[in-house]
Amino acid sequence: MSVRNPRILIIGAALLAHSLPGAADAAPKAGAAHGPRPASAAAPKTRLDLPNLQRSLESADEAQALAALARIASSADPAGAPLVEALLGRGASVTVLSRALSTLGTLGLPSSGAALAPYARHRTPELRRAALRALIATKSPLAGGVLRRALHGNDASLRAIAAQGLGELNVRAAVPELFNVLSKDVAEAAQSLGLLCLAAECEKFLALLGRLRFEVMESGIVPILLRPEADVADELKLKVIERLRRMATQPANQLLQTALATFPADGSPRVKRGLERALKGFSVIEEAP
Amino acid sequence: MSRLSLGRGLAVLAMGASGVACGGAVASSAGTPFSETWRADQGKSIAALEMRLRTAQAPSAAPVAVGVTETGLVGLKLPNGKRWTHASTVDTLPIVAGSVVVASNGGVLFALDAGSGQLLWTLPIEKRKLRGAGDDGSTTVAVVAGDNPGKSRFVAVTREGSVKHQFDSTVDLGFPAIKQGVAFIPWSDQYVSAVDVGSGDEVARLLLREIVTQARNFNGDLWFGEKGLVRFDDKIRVATTNQGTRLGLPARQLPGNPVWLGSGNQLWPISSSARLKIRLSALPIASAEGAHFTNRTYLASYFRVVLGLSDQDGSLRFVKSLSADALGMSAAQRGFAICDASGKVSLVSEQGGDAGSADLGARLTACTVDVSALSLAPVAAPATLAEQIGRALGELSPEMAVAQKLLVDELTKQDDPLVTKILIDLTSSAKIPPDLRSAARKLIATRRSGKEYMLAALERHYDYVSDVLLPPPLGPLSDALAAMNEVAATPLLARHLNDPANDMIDVEHAAIALGKLATAAEYEDLRTFFALYRATADEPSLVKAVVAVASALVRVGGASGKSIVERATHDPLTQAEVRRGLSALLAPESAAPAAPPAAETPNVAKNAQPP
Chain S
1486 MSVRNPRILI
1496 IGAALLAHSL
1506 PGAADAAPKA
1516 GAAHGPRPAS
1526 AAAPKTRLDL
1536 PNLQRSLESA
1546 DEAQALAALA
1556 RIASSADPAG
1566 APLVEALLGR
1576 GASVTVLSRA
1586 LSTLGTLGLP
1596 SSGAALAPYA
1606 RHRTPELRRA
1616 ALRALIATKS
1626 PLAGGVLRRA
1636 LHGNDASLRA
1646 IAAQGLGELN
1656 VRAAVPELFN
1666 VLSKDVAEAA
1676 QSLGLLCLAA
1686 ECEKFLALLG
1696 RLRFEVMESG
1706 IVPILLRPEA
1716 DVADELKLKV
1726 IERLRRMATQ
1736 PANQLLQTAL
1746 ATFPADGSPR
1756 VKRGLERALK
1766 GFSVIEEAP
Chain L
299 MSRLSLGRGL
309 AVLAMGASGV
319 ACGGAVASSA
329 GTPFSETWRA
339 DQGKSIAALE
349 MRLRTAQAPS
359 AAPVAVGVTE
369 TGLVGLKLPN
379 GKRWTHASTV
389 DTLPIVAGSV
399 VVASNGGVLF
409 ALDAGSGQLL
419 WTLPIEKRKL
429 RGAGDDGSTT
439 VAVVAGDNPG
449 KSRFVAVTRE
459 GSVKHQFDST
469 VDLGFPAIKQ
479 GVAFIPWSDQ
489 YVSAVDVGSG
499 DEVARLLLRE
509 IVTQARNFNG
519 DLWFGEKGLV
529 RFDDKIRVAT
539 TNQGTRLGLP
549 ARQLPGNPVW
559 LGSGNQLWPI
569 SSSARLKIRL
579 SALPIASAEG
589 AHFTNRTYLA
599 SYFRVVLGLS
609 DQDGSLRFVK
619 SLSADALGMS
629 AAQRGFAICD
639 ASGKVSLVSE
649 QGGDAGSADL
659 GARLTACTVD
669 VSALSLAPVA
679 APATLAEQIG
689 RALGELSPEM
699 AVAQKLLVDE
709 LTKQDDPLVT
719 KILIDLTSSA
729 KIPPDLRSAA
739 RKLIATRRSG
749 KEYMLAALER
759 HYDYVSDVLL
769 PPPLGPLSDA
779 LAAMNEVAAT
789 PLLARHLNDP
799 ANDMIDVEHA
809 AIALGKLATA
819 AEYEDLRTFF
829 ALYRATADEP
839 SLVKAVVAVA
849 SALVRVGGAS
859 GKSIVERATH
869 DPLTQAEVRR
879 GLSALLAPES
889 AAPAAPPAAE
899 TPNVAKNAQP
909 P
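In the order they appear, the protein sequences are chains S and L. Under my numbering, the first residue of the first sequence carries the number 1486, and numbering increases by one thereafter. Under my numbering, the first residue of the second sequence carries the number 299, and numbering increases by one thereafter.
No lab work stands behind these hints: they were computed from the structure. Just so you know, not all the hints are guaranteed correct.
[Claimed, not checked] With a straight-line cut-off of 20 Å between C-alpha atoms, the simulated DMTMM-like cross-links for lysine to aspartate or glutamate are:
hint : chain 1 : residue 1 : chain 2 : residue 2
1    : S       : K1530     : L       : D714
2    : L       : K860      : S       : E1543
3    : S       : K1669     : L       : D801
4    : L       : K740      : L       : D801
It should be emphasised that the depicted structure is a prediction, and the values quoted were computed from it without experimental measurement.
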């Protein structure tokens, strides 16, 4: 199958997100615990030398701190997380902070959300982007609120990360905001809407086909075609398939091919047949014999 | 030739009084209304004429608006008469003279009845165009001229179209007037010759010591001059020695440098030139208190904005913003009329309130309006001056920067708290040029009223989703609120501290304000800011902000806040400049600063407990 790389990457990312197990309800929660737990309060069963790591992270030596963060990240041991969270609470140089943020993302503990959240509004762009990515990885209950706020901010890259993350974290409450930014060319919102929309929302999304640029819309279409009928009616999917067929463009054809290639085994036979007919150039509506 | 020199080479060709307009022959006659050898008579002849004409009243101009469209003229008797049209267009601005509208087009001078638009007469004038006109109720006088200096022609035409008198001159003749059969013709920038239109004889002459190119009939009174006007009254005899009844507009810098009457020696061509849109309008009047302008106010137009200005000192009285460029204006006995390019005639009360409107029903390229005989009653009270200025600023487009600047300057002279809101709105308006936005920001910092508007502005943040694409002017608001000791601002300022959409300079000012105003309730925001930036501060503003926040932490954070700052002071990862600032902050003399004056101390006692 001949595919264009960027498009496949987008679709691939959407499919990956689609395959994530039921993501957490990421609604923001007020009053989350703030500040680090002492190293001694960490889980006792760990291979990390926590006192030594703590000394390194609290030292004035940037190299030592970076090495300690590397050890924690490579161990993937949650016991190291409180040390890193404490570091973020104290503050450090951009280099150390950047590594600390990615380390917490690697550890992926929802409890790290409180330490990560303030950095999503840091004035240094790379720090706030790293913080947002780490928050998405942790699936912290705070993440949804922080991502939604980032969608309102003035950093276009951050909005893109947030728009994508809201779909990955299944933040349904963000659907109206995603529609808003989609119309302002935040293409990542399409992918998330493809994952999050229900019934009328999906119809609203697909009604934007032809009104917004295809490049903005396309990452949301395959996820919709792969959603169960309980979320999106087969009739709507067939309408979209027919619409894409009539567009008769290479990008539209590629979307149909991708949808068919990744169509779930327990997916609707009608939709699958529709995809097959469309790819052969036939209307998805089978004519009566 | 200098403007005040006597006319050299004055050659007057007098013509007979029996010609008939509409193509009738014009016969020559003897008589020289102007003479180079005239000897100053100390005002005797003009005073004698004034005395002879004193009881006669020159007719007022009909209250009418005459618009010039692409295809012709459209007129309307004001305030609410019936609209009329005339199929021929014009080449210079039409003039309302008594009950007649005089205009020229393609080498023909013509007169219309001001009330009905009916054509009264036409007169061939070769390639000349209308320069000025007057009317005494039975005779219309006009000066017509070519595009180049010289070749002025004076004509006196009866209502029936007969030419009573006509002569050509090689010197420029100015804007004429007529009273009781005597025409007043300015010439050579310093004389007004009084010419009997029946005989063609010059019956008197006025010599003025200032430029005179205009002889105007304002609601029955004659006035002579240009920048300033001298009234034709019992003091005219001493006008030569500057003792006449004189009136002028106060000097004031205005956008586009508008003029009031301008030179009576020039044409006012119909064109898209800005000249028609940048003008002054005023109506002189003499009363028991002396000469002054009606409404004690004159108008200044600058495209879509019209200012009402004091005739005493030029101070701003009102502002009127229009939906289209102002093309014609007139002051009434009470109130004003403004004719704009949309065809609307706005009637304005003497205080600047609404006094009704009329519609000429077509888009206009030029407009003449005269309401000098009317008194316009307000139908609605005017908004406050601050509101008027705010509305005008909101409606002006970016290319009107000069007017915007003037209005902003005027705004700051107002005590109204609303000024604060208007300035805040300006900083958020994409219509405002960047330098003016910057000026508005500076002015906000100096405000000490309008607290509620400042706090409301701080509630707003940059919001991409809601299309709020400019954050509020955080820095200036912080400065103003800090100067006002406004503790209610602290939670709002603290929220902005950690919003990266704000400019760094603004954040610095917010931090400094919080250094003074913050309460323990802002401790978490302050602590977060300090943690995020004490080691990453990479620009002077951010360094200052971190140190200011540290001072707030020490002040409101109790032992915990002080401990955070102390630890950072000793942490080598803390940015060097920040560390220096923190050390200074924690030095013994800083730790126990002298108490500021009571009035300067914000009321934070109730929130001063550390977390």
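Okay, the hints, checked on the actual structure:
A C-alpha spacing of about 69 Å is found between K1530/S and D714/L, which places the hinted pair above 20 Å, so the restraint is violated. Taken as a hint, the K860/L and E1543/S pair is honoured in the structure, with Cα atoms around 19 Å apart against an allowance of 20 Å. At most 20 Å may separate the alpha-carbon atoms for a hinted pair to count; K1669/S and D801/L exceed this at roughly 23 Å. For the hint linking K740/L to D801/L, the alpha-carbon distance of about 15 Å falls within 20 Å, and the restraint holds.
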